[in-house]
Amino acid sequence: MSDWLVVAAIGVGTYITRLSFVALFGRSGVPGWLAAPIRYIAPAVLAALVAPEVIAPEGALDVTSANPRFFAGAVAALVAVRTKSVAWTFVAGMGALWLLQAAL
Amino acid sequence: MRAIAPLLVGVAPFGLILGVAAAASRIGAGLGWATSPIIFGGSAQLVTIELSDAGAAAAVVVATALVVNARHLMYSAALADDFRDFSPVWRYTLPYLMTDQAFAVSITRYADVDDAGYKRWFFLGAGLALWLPWQVTTAIGAVLGAQIPTSWSLDFTIPLVFLVLMILAIRDRPGVIAAVVGGVAAVAGRTIPYKLGLMIATALGVAAGVIAEKTRR
Numbered sequence: 229m230s231d232w233l234v235v236a237a238i239g240v241g242t243y244i245t246r247l248s249f250v251a252l253f254g255r256s257g258v259p260g261w262l263a264a265p266i267r268y269i270a271p272a273v274l275a276a277l278v279a280p281e282v283i284a285p286e287g288a289l290d291v292t293s294a295n296p297r298f299f300a301g302a303v304a305a306l307v308a309v310r311t312k313s314v315a316w317t318f319v320a321g322m323g324a325l326w327l328l329q330a331a332l
Numbered sequence: 035m036r037a038i039a040p041l042l043v044g045v046a047p048f049g050l051i052l053g054v055a056a057a058a059s060r061i062g063a064g065l066g067w068a069t070s071p072i073i074f075g076g077s078a079q080l081v082t083i084e085l086s087d088a089g090a091a092a093a094v095v096v097a098t099a100l101v102v103n104a105r106h107l108m109y110s111a112a113l114a115d116d117f118r119d120f121s122p123v124w125r126y127t128l129p130y131l132m133t134d135q136a137f138a139v140s141i142t143r144y145a146d147v148d149d150a151g152y153k154r155w156f157f158l159g160a161g162l163a164l165w166l167p168w169q170v171t172t173a174i175g176a177v178l179g180a181q182i183p184t185s186w187s188l189d190f191t192i193p194l195v196f197l198v199l200m201i202l203a204i205r206d207r208p209g210v211i212a213a214v215v216g217g218v219a220a221v222a223g224r225t226i227p228y229k230l231g232l233m234i235a236t237a238l239g240v241a242a243g244v245i246a247e248k249t250r251r
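Quick mapping for you: the protein sequence lines, in order, are chains R and D. Heads up: the first sequence at position 85 corresponds to 313 in this note's numbering, and the numbers run straight through without jumps. Heads up: the second sequence at position 85 corresponds to 119 in this note's numbering, and the numbers run straight through without jumps.
Source of the hints: derived by calculation from the structure; they are not laboratory data. Glycine is no exception: its CB is placed at the ideal position from the N, C-alpha and C atoms. What you were told as hints is all true, and nothing was included just to trick you.
Okay, derived cross-link-like pairs now, EDC-like style, lysine to aspartate or glutamate, Cα gap no bigger than 20 Å in a straight line:
hint : chain 1 : residue 1 : chain 2 : residue 2
1    : D       : K248      : D       : D206
2    : R       : K312      : D       : D206
3    : R       : K312      : D       : D134
To be clear about the criterion: a stretch of chain D counts as covered by chain R if any three or more of its residues have a C-beta under 8 Å from a C-beta of chain R, and this derived list gives those stretches:
hint : stretch
4    : 46-58
5    : 71-85
6    : 95-102
7    : 114-127
8    : 189-196
9    : 200-209
10   : 214-221
For each label pair, taking beta carbons as the anchor points, the in silico distance ranges come out as:
hint : chain 1 : residue 1 : chain 2 : residue 2 : range
11   : R       : A264      : D       : V123      : 33 to 39 Å
12   : R       : A315      : D       : P122      : 37 to 43 Å
13   : D       : Y130      : R       : A288      : 39 to 45 Å
14   : D       : A93       : R       : A302      : 29 to 35 Å
15   : D       : L230      : R       : L233      : 17 to 23 Å
16   : D       : I226      : R       : A330      : 30 to 36 Å
17   : D       : A241      : R       : V309      : 23 to 29 Å
18   : R       : P265      : D       : L230      : 17 to 23 Å
19   : D       : P227      : R       : L289      : 15 to 21 Å
20   : D       : A145      : R       : A294      : 53 to 59 Å
21   : D       : P183      : R       : A263      : 42 to 48 Å
Using the sequences and the accompanying hints, generate a full structural model.
So, in structure tokens, the structure goes:
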């Protein structure tokens, strides 16, 4: 139940951000002090979501060969930079992870 | 349709992966898929699935997802002038379809035309061209994902998608700095309860990006 409430709250909140200047706040535009922070939210929050999953998947810092997700993540990062493609990054990252898990 | 077609290429794999990830997570295929019509924003949906799975506090899940979607404020502000000419029905329904892609193609097209009727139909078309395939591909992913055993480590697809989105979101040096600071801080603060470390890391990353941008000028 509480999961549904969380999803509903995010749905409503997202709709409000989309509606914000189009229908709610008039035409004042985004205030200047807010424009710069909004630009850097995506890189900051996405990096914060990725880094612990790759560097410390079991909770403890692990960049040794015992942690295949670190190496698979590094391969995926290279492919992501080169191709900027969800599909290719997925193939490279999962492929590397499966190979390493099979090898260990 | 022709304007948005190139942007649809990335949608199908992302939708499939999100559906599969939802099925592999604690909230499951049903609610995981329901985020598609309710939230309709890939990154925020993935955040919801991932953080709920990781045992984050409900408030942290909601706050993080909304922070991820804060970019819609920019789109909304940029489109406000054009949407002002639409009737209230259009003005309150079209924003539901607002996405990175629909915004990008519409704002470009709006610069060339001055016909409110054309503008609203164009946005509706661009929005639905993304909405429909998104609902379908996430549903297919959710159904497929439920059949796949956990030994396939499909939970790893979530950080992989975040990784690509991060690369796409980095446009300049301050962006790189925001990502590095956010990532390092998140690793350092990973044991803070309820995933609050994520919010702190994001705030530090954003601050670093803003400072980097200011000092560059």
